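*Asks:* The primary structure of each chain is shown beneath.
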Amino acid sequence: MTVASVASPPPLGLTLTARHVTYDGITLFRDLTLDLPAGHWTCLLGISGVGKSSLLRLLADLAPAGSDYHVQTSDNRPLTDRVAYMAQQDLLLPWLSVLDNITLGARLRRQPADTARAASLLEQVGLADFRHRRPDQLSGGQRQRAALARTLMEDRPVVLMDEPFSALDPVTRLQMQDLAATLLDRRTVLLVTHDPLEALRLGEQVLVLTGPPASLTSHPLPADWPAPRAVDDPRLTNQQGALLARLVHQRPAGAVS
Amino acid sequence: MTVASVASPPPLGLTLTARHVTYDGITLFRDLTLDLPAGHWTCLLGISGVGKSSLLRLLADLAPAGSDYHVQTSDNRPLTDRVAYMAQQDLLLPWLSVLDNITLGARLRRQPADTARAASLLEQVGLADFRHRRPDQLSGGQRQRAALARTLMEDRPVVLMDEPFSALDPVTRLQMQDLAATLLDRRTVLLVTHDPLEALRLGEQVLVLTGPPASLTSHPLPADWPAPRAVDDPRLTNQQGALLARLVHQRPAGAVS
Amino acid sequence: MIRRLIHILVSMVMTALLWQIAYLAAGQQDYLLPSPLKTLTTAVLKADLLARHALTTGAEILLGLLGGGLVGVASALLLASFAPLRRWLVPVLVISQAIPVFAIAPLLVLWLGYGMASKVAMASLIIYFPITTAFLDGLSRTAPGWLDLAQVMGGSRWTVLRHIRIPAALPSLGAGLKVAVGVAPIGAVIGEWVGSSTGLGYLMLHANARMQVDLMFAALLVLAGLAITLFWVTDRLLARLLPWRATTNE
Amino acid sequence: MIRRLIHILVSMVMTALLWQIAYLAAGQQDYLLPSPLKTLTTAVLKADLLARHALTTGAEILLGLLGGGLVGVASALLLASFAPLRRWLVPVLVISQAIPVFAIAPLLVLWLGYGMASKVAMASLIIYFPITTAFLDGLSRTAPGWLDLAQVMGGSRWTVLRHIRIPAALPSLGAGLKVAVGVAPIGAVIGEWVGSSTGLGYLMLHANARMQVDLMFAALLVLAGLAITLFWVTDRLLARLLPWRATTNE
Amino acid sequence: LLPPANAATSTASAEKVTIMLDWFVNPDHAPLVIAKAKGFFADEGLDVDLQAPADPNDPPKLVAAGKADLAVSYQPQLHLQAAEGLPVVRVGTLVATPLNSLVALKGGPIASLKDLKGRKIGYSVGGFEDAVLGAMLESAGLKLSDVELVNINFSLSPAIYAGQVDAVIGAFRNFELNQMDLAGKPGIAFYPEENGVPAYDELILIARKDRANAPALKKVLAASERAVQYILNHPTEAWDAFVKAYPELNDDLNKRAWADTLPRLALRPAALDSGRYQRFAEFLKQRGLIKDILPVEQYAVAVR
Ligand SMILES: Nc1ncnc2c1ncn2[C@@H]1O[C@H](COP(=O)(O)OP(=O)(O)OP(=O)(O)O)[C@@H](O)[C@H]1O
Ligand SMILES: Nc1ncnc2c1ncn2[C@@H]1O[C@H](COP(=O)(O)OP(=O)(O)OP(=O)(O)O)[C@@H](O)[C@H]1O
Ligand SMILES: [Mg+2]
Ligand SMILES: [Mg+2]
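Chains A, B, C, D and E, in that order, give the protein sequences.
So the first sequence is numbered by my numbering: it starts at 1 and just counts up by one.
So the second sequence is numbered by my numbering: it starts at 1 and just counts up by one.
So the third sequence is numbered by my numbering: it starts at 1 and just counts up by one.
So the fourth sequence is numbered by my numbering: it starts at 1 and just counts up by one.
So the fifth sequence is numbered by my numbering: it starts at 1 and just counts up by one.
The following block holds chain A by itself, in its conformation from the complex:
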């Protein structure tokens, strides 16, 4: 069963310029530029604490107070209300059933909830039998899938996902990757992940955030290698080694200037 296809809006390209972003006086970004090509998946890797989530939050307009940054869209209109955001924590509302959590966005925007689509999405993330449960009655991976379904429900041109598959077993993980790839085809997606294989499977652009000071490096991909790639694609293994090597050449874990 597939989700009823919705007329997609034209792809939207983004350029984020983080001139100066600090937490409590500690500089996180200075003059950092991030390009998200319209209608493509960008995967972002980097060691823990380097600022991936913070960068993603800048795009979601959730910057720390006093941040100086700018988001340029390809159609020059503000990005507001054109972003779907899946945070690193699942942020499920404990008083709502899984189904109600998934249709939260519609209610927040006073739109009729597309319950057929919600049911179908729940089916696809494997939670159809759990739709009436409260989040505290779910396993960790089930919660993450509920949050994923909620993000996919949003149907926005730009989708930001912060480690969306981290709590899933390899099998479910692949299924969810495929699901997201199908549903978010031709969307502008920024995916933060720690799994090089995942980044290589899904990314049309793979970036590594290093620092401090934070800077972005692009991991070059073979030409003519459309995403999503098959799990057994032999090029994945090669690329994985190269990407891992790139990750290793960073400063010690947790360090921040």
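Note that these hints are calculated values from the structure, not bench results.
Fair warning: this is a prediction, and the values are worked out from it, not measured in the lab.
Sample of chain C residues at the chain A side, in silico, Cβ under 10 Å: (1) Ala143; (2) Gly145; (3) Trp146; (4) Asp148; (5) Leu149; (6) Gln151; (7) Met153; (8) Gly154; (9) Trp158; (10) Arg162; (11) His163; (12) Ala168; (13) Leu170; (14) Pro243.
Think of the CB as a built atom: it goes at the ideal place given N, C-alpha and C, for glycine as much as any other residue.
Put chains B, C, D and E with the ligands on the given structure of chain A with help from the hints.
*Replies:* Relative to the frame of chain A, chains B, C, D and E with the ligands by itself:
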């Protein structure tokens, strides 16, 4: 810098018999037996929602109400106060600094906190500079490392860890695996993970939980292959394929009887 | 249910015991504090009188809870929605609590007459404050992550209030409601100061003025019964309606 | 600080305005409700008298908060630690709130005399309930995950209370404290009903009996000032001391 | 809302009149209760509503505000009300002697006023108790500063029984004395009018100044006068009517208070003794409770 070595207690073997465990009338385990060989690492895999966390919680004596189960120790004494538990959520206390979170166990037991050891552990998990921060000022991976440090501080013969490295990048992840392997050498460890490679690197016994009805299958490992294994051990790749194949032959994600 | 009844019984016996001790401590002076037995006898003898007055007070309590509750919830929502309003109106809220009833009793009578209205107004005024304070407190402590999410989802000020902040603050409102339910009986009794001719408060004042101390304490007994029933019902209802209410969730 | 002062000023002007409206609505009858201007004039003229009585009431409020707060916190801890106790003692707690002051005034005087003690006891009794209820509510809603963790770590009932449940319940206690601080002034005034010869409540009663309504409302003004100051200080302190206090955290 | 007191004409429907009592119904209110119970008000074409306040200080304010046609108040308070500009006037008298007295335990340490030196005296805030007490003490050669005054609000007699105070001022001789007697702790009373305080009317009826001439007031006073006569002529029947109207008052205390109150009822409720008011005003001025002595006609009138 290494943690001051503490006289380890003799290894403790465990056998868990879960006769009947239900959530709200839905049976999770019936007549399931789990053996944890004394002083060895057991890694547990399984698709999301199959019951890994619940099984781990049985050993921590955190069973759902009305559960019928029994834990047999090799020294026939109760397991109470001989277990360290790292939950799937980090469970950091928001009002305590990282350092105070890490020494929580000592305070709960009215023991003097070993601050030197705490400082050394913080150093080793890469959070030395963050020891005075509150948890809400940390990144997701930093929070997970704080929770890991707290678990390692406990210094118990039996250690239960539920996806302890899931929010970490590959580099940090390897470092943390090595750290845990060193500090928990000759402890009885149950590690729940979704990463077959991690299970194969660290496990002296690798179990796959399938279901429903939930049952445990052991993934046979080559003889004479002491853990932790080097990342570049060629046998890992072979084993990984076999283990993945074992995981694939399960029921659809999220299913529960 | 049976266990519940046993608890109520035990706590009644305990109260009687404490009472008896206090009675002895006061030197068995029945004009200060009648013995529990004497009070109970009076309560039984004057059961119909007490029941009649209890009905009035009960109605005042319920109407006061309704009035104070509704206005309190509305005030908290208003104050939570408009931060500038909060800075200027919270002091007014606090002042409203500091006014003793005898200062405004004539005004209440002037505006609302001698009937139920002035008593309910007084009871509402007392109930209002804990509800507003607790709910406002809850509304201003929503988890930042949820607010972030709602913002990105395009929620308006109102829908975020409706779907995130209010439900998240319900446990706080529940705690406030418990306090309110606890003070409601005394609120109604104080309301009866405004001038009345029925109600347990009136009966007590009256009995006190006439030195019918046993009747006064019998009325007090009935009032206490009302209070406990109300508190217990609220507690149960809250536990049933808000099953997720942990103080801090991980 | 300057902005704070402006807010206070604005809310004072607003109160005066509301007051003036009420004054007009009551038909400009100064013996029911004096005009704000007249009250202010009286307040200024009798500043030293008011200050003297305010000192007594202020002391009663603070002692009442201390007493009611300490006993309330202790009760909540006790009730939270022993579940069976809770079932039997919560009714007693609720009853304690339902007792009108005139019923126990003679007893209080008998046991505590006419000095400060009986007033502080009365104020404490009123402050006690919101604190106990709110704190107990917070203590019984600790996130299960933390309790699980603490259990595995080998925490005893006491250390878990001390290191997990109490800190987790502090925001709830804070909310209760705010309610308590709001009712504390009226608690002290009611305490002065028990019998007194100083204090703003006494002054108000006295002025009321002598038909010096302007003096009564001037005293009320001072009481309101005390109440607002207290509330504001509490609010600031709580915001500073409990920086992590989100209602529900993810 | 109530219609204005003078709005009624002699139609079939009775004119509504609200009378605020000073306190809960008790034998002091006998004339009003009996007039209502025996239909004397109805005979005058009145439908009278008796309202009890919880605070004796409220009724004058409510009369001034037009929320009641008449209120039961006290002469000493009337002077204070007039001094504060409350637009009320005395139009009738219910009890024509003081009821207030200073009470101590019989057989206790207080045998005469002189024994009060260094003692603790309780009072209920009435506004002028200290003035009365001061005059009484001075008549015995003591000063106010020789005693300790405590406000005990709700519990005059219990405070004596419990030994918390040695005497109380503000006790009603027809009520508290009987109460103490019944409690087995009889008291002795010292009467203000015998000890340096001018005699005054304890209970009076007051009305708003601009309504002092309302025809209804005359009818109320006429009915009250008829009630007083009935009470004196038929004390037993009157008592029966009283407890029939207020069954909860049917007890020993009220029965004894009833008997003690009868001789003190004003036989001519409408009559005004201006000299008595003038003398009491002078007394209050001397005690510093009022600044100026107003002309009596400004606050007390005889309804014609
Ligand atoms: N409190 C609860 N009430 C009802 N059902 C529950 C509760 N907790 C867990 N479950 C159910 O029990 C099953 C096992 O949960 P558990 O958390 O053990 O899974 P898991 O194997 O750890 O999954 P994951 O990999 O997603 O963490 C799941 O299907 C879950 O929905
Ligand atoms: N509220 C905050 N106050 C202060 N510092 C913060 C705050 N939030 C994050 N930081 C710091 O900013 C840095 C970047 O955090 P961020 O969450 O963006 O990291 P990340 O790359 O997403 O890491 P992870 O992979 O662990 O999730 C970290 O060093 C973190 O400690
Ligand atoms: Mg992150
Ligand atoms: Mg799990």
